[in-house]
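As they're listed, the protein sequences go chains A and B.
Oh and the first sequence: position 21 is 21 in the numbering used here, straight run, nothing missing.
Oh and the second sequence: position 95 is 1095 in the numbering used here, straight run, nothing missing.
These aren't lab readings, by the way, just hints derived from the structure by calculation.
A hint or two may mislead.
Pairs of lysine to aspartate or glutamate residues, derived as DMTMM-like cross-links and limited to a Cα-Cα distance of at most 25 Å, are as follows [unchecked claim]:
#	chain 1	residue 1	chain 2	residue 2
1	B	1088	A	133
2	B	1088	A	25
3	B	1088	A	152
4	B	1069	A	24
5	B	1088	B	1049
6	B	1069	B	1098
7	B	1069	A	66
8	B	1069	A	25
9	B	1088	B	1058
10	B	1069	A	32
11	B	1088	A	24
12	B	1088	A	27
13	B	1069	B	1080
14	B	1069	B	1094
15	B	1069	B	1105
16	B	1088	A	9
17	B	1088	B	1123
18	B	1069	A	13
19	B	1069	A	28
20	B	1088	A	48
21	B	1069	B	1043
22	B	1069	B	1036
23	B	1088	B	1071
24	B	1088	B	1098
25	B	1088	A	28
26	B	1069	A	27
27	B	1069	B	1058
28	B	1088	A	43
29	B	1088	A	8
30	B	1088	B	1077
31	B	1069	A	48
32	B	1088	B	1036
33	B	1088	A	42
34	B	1069	B	1049
Computed from a predicted structure; not experimentally measured.
Here are the chains, one letter per residue:
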Amino acid sequence: MTVQLHVEDYLADLRASLGPVTLDEREEIVREIAAHIRDSAEEGASVEAVLARLGPARALAAQYRDGLLIRRASRSISPVLLLRAAARLATKGLSGIVVFFVGLFGYFIGGGLVLTALLKPIFPANTGLWFRDGHMIASGTQLYPPGPPAHEVLGMWYLPLHLIAGSLLLLATMFLIRHSLRLSQRWQQKLGRLRHANQAGA
Amino acid sequence: MREQRPQHENSEGPDRWEAQLRKGALEMAALASLWEGRLYGLEIIRFLETNSRLVVAEGTVYPILSRLKSEGMLTSEWVEAEAGHPRKYYSLTEAGRERLRQMADAWVGFANGLSRLLEPVLEERGMAK
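Chain B with its partners taken away, still in its complex shape:
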């Protein structure tokens, strides 16, 4: 007797894949948001929402910033605002800048290759519509 494989693995696949990709992309996006200068957590979230199509889950950003900091990619400092409360500002370290450069190079090369690969798929979808 052959056992039937459960179907849910396939049906959940694309969503889970996209969720993992989104989560993974945040690392590069967070580094990129700090390229021009230091920002605090909420500013990073707003920057990403405004300047990229990434829908940012706020609860995901802070653990990523914490991880990048402990990997030496970022530094942080608490800054007392003139009016208001202290905020934790993040800045890129030299290692962080170098990592972002490498990520950007890899992304551009990979994205160009993938765009060519996906052209027929997208054209067919366009014709169907």
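Chain A on its own, in the form it takes in the complex:
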């Protein structure tokens, strides 16, 4: 009875830790691990030993999450999913940290450019690119736009130019993160080949 509770606790912990994984995938994973525990117990192993070999439920869930999140994100266009996967990559090394912050910066600036472009028709006098004495002094949507001698230089061209620039930056950011995620997957595969090469050489 206690053993059964022990297993149920483990599976409940696993299910809870699989949070971001879809419900169907989560139930499939829990069902498979439950079958593994039962099969191992039928071979004569103690439940404690089986659970110890599986490792902590949270660590097991993290391995599933890493694989599923990074792979799904590498084909996604969702900034939220891509940034979450980049954040996961950031926990694996310095290059991941760089990708995460460049991605955050790209989405922030790109989103800002698109947003101010869309605000131009609504607040035409407050949105623009202002120059004074040949130097840019303000850009975007300003609560208090600079007055003369500063002057706005783009007029309604602000909208298409910033819409295009913002969209390109958002696209570039998306491709950068997706490329980095794919590279990280390929790197994992190369490690696998190296391992076998090492075994053969030893």
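Since chain A is already given, all that's left is putting chain B on it; use the hints.
Positioned in the frame of chain A, the structure of chain B alone reads:
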């Protein structure tokens, strides 16, 4: 003033490298275990323990199988056993077989090259012993 670099990076290096290699190798090993036919998770683990020198961490195998399945390398089906409970059996897809062929070719070529490279190192170690 020159800062001293922390030493732990070097001291942990080989262990971490080997752990990563072992983890990476499991992908090919898991695919190879299914070459002859379908197996379920525990059978794959036992197959690898028996037929290779890989020490398999059981908690590592299942996430790899899940990943390979979502990459289209494997398919799975739940099969009701005559006596007992349902088990999730994995089989190689054609894409999985092709990937394994490519991995096997790359491994053999790379392993042969590396063996030659490591010969002097291993000979020296042998003499020292």
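Outcome of the hint check:
Taking the CA atoms of residue 1088/B and residue 133/A, the gap is about 73 Å. The hint is violated against a cut of 25 Å. This hinted pair checks out: residue 1088/B and residue 25/A have alpha carbons roughly 13 Å apart, not beyond 25 Å. The straight-line distance between the Cα atoms of residue 1088/B and residue 152/A is roughly 66 Å, outside the 25 Å bound, and the hint therefore fails. Only pairs whose Cα atoms come within 25 Å are accepted, and residue 1069/B paired with residue 24/A is accepted, the gap being roughly 14 Å.
Proximity of residue 1088/B to residue 1049/B is assessed by CA-CA distance (about 19 Å); at most 25 Å being required, the pair is judged to hold. For a cut-off of 25 Å, the pair hint linking residue 1069/B to residue 1098/B stands: about 14 Å separates their Cα positions. The suggested pairing of residue 1069/B with residue 66/A holds, with an alpha-carbon distance near 15 Å, which does not exceed 25 Å. About 12 Å separates the Cα atoms of residue 1069/B and residue 25/A, which keeps this hinted pair within 25 Å; it holds.
In summary, the hint linking residue 1088/B to residue 1058/B is supported, as the alpha carbons are separated by about 15 Å, within the 25 Å threshold. At most 25 Å may separate the alpha-carbon atoms for a hinted pair to count; residue 1069/B and residue 32/A meet this at roughly 14 Å. Between the alpha carbons of residue 1088/B and residue 24/A the distance comes to roughly 15 Å, so the proposed pair stays at or under 25 Å and holds. Pair hint residue 1088/B plus residue 27/A holds up; C-alpha atoms about 13 Å apart against a cutoff of 25 Å.
Proximity of residue 1069/B to residue 1080/B is assessed by CA-CA distance (about 20 Å); at most 25 Å being required, the pair is judged to hold. Between the alpha carbons of residue 1069/B and residue 1094/B the distance comes to roughly 12 Å, so the proposed pair stays at or under 25 Å and holds. Simply put, residue 1069/B and residue 1105/B have alpha-carbon atoms about 22 Å apart, close enough for the 25 Å limit, and the pair holds. Proposed proximity of residue 1088/B and residue 9/A is supported: the alpha carbons are some 22 Å apart, at most 25 Å.
The hinted pair formed by residue 1088/B and residue 1123/B fails the criterion: a straight-line CA distance of about 46 Å is larger than 25 Å. With a C-alpha separation of about 24 Å, the suggested pairing of residue 1069/B with residue 13/A holds against the 25 Å cut-off. Among the hinted pairs, residue 1069/B with residue 28/A is consistent with the structure: their alpha-carbon atoms are about 12 Å apart, no more than 25 Å. Taken as a hint, the residue 1088/B and residue 48/A pair is honoured in the structure, with Cα atoms around 23 Å apart against an allowance of 25 Å.
The straight-line distance between the Cα atoms of residue 1069/B and residue 1043/B is roughly 17 Å, inside the 25 Å bound, and the hint therefore holds. At roughly 17 Å between alpha-carbon atoms, residue 1069/B and residue 1036/B fall within 25 Å of each other, so this suggested pair holds. Between residue 1088/B and residue 1071/B, the direct Cα distance comes to roughly 17 Å. Compliance with the 25 Å bound is thereby established for this hinted pair. The hinted pair formed by residue 1088/B and residue 1098/B meets the criterion: a straight-line CA distance of about 23 Å does not exceed 25 Å.
Annotation: proposed proximity of residue 1088/B to residue 28/A holds, straight-line Cα distance about 9 Å (limit 25 Å). A C-alpha spacing of about 16 Å is found between residue 1069/B and residue 27/A, which places the hinted pair at or below 25 Å, so the restraint holds. The hinted pair formed by residue 1069/B and residue 1058/B meets the criterion: a straight-line CA distance of about 17 Å does not exceed 25 Å. Simply put, residue 1088/B and residue 43/A have alpha-carbon atoms about 17 Å apart, close enough for the 25 Å limit, and the pair holds.
Proposed proximity of residue 1088/B and residue 8/A is supported: the alpha carbons are some 20 Å apart, at most 25 Å. Only pairs whose Cα atoms come within 25 Å are accepted, and residue 1088/B paired with residue 1077/B is accepted, the gap being roughly 6 Å. For the hint linking residue 1069/B to residue 48/A, the alpha-carbon distance of about 29 Å lies beyond 25 Å, and the restraint is violated. Between the alpha carbons of residue 1088/B and residue 1036/B the distance comes to roughly 17 Å, so the proposed pair stays at or under 25 Å and holds.
At most 25 Å may separate the alpha-carbon atoms for a hinted pair to count; residue 1088/B and residue 42/A meet this at roughly 16 Å. A threshold of 25 Å between alpha carbons decides the hint, and for residue 1069/B with residue 1049/B the separation of about 22 Å falls inside it, so the pair holds.
Of the hints listed earlier, those the structure fails to meet are numbers 1, 3, 17, 31, in rising order.
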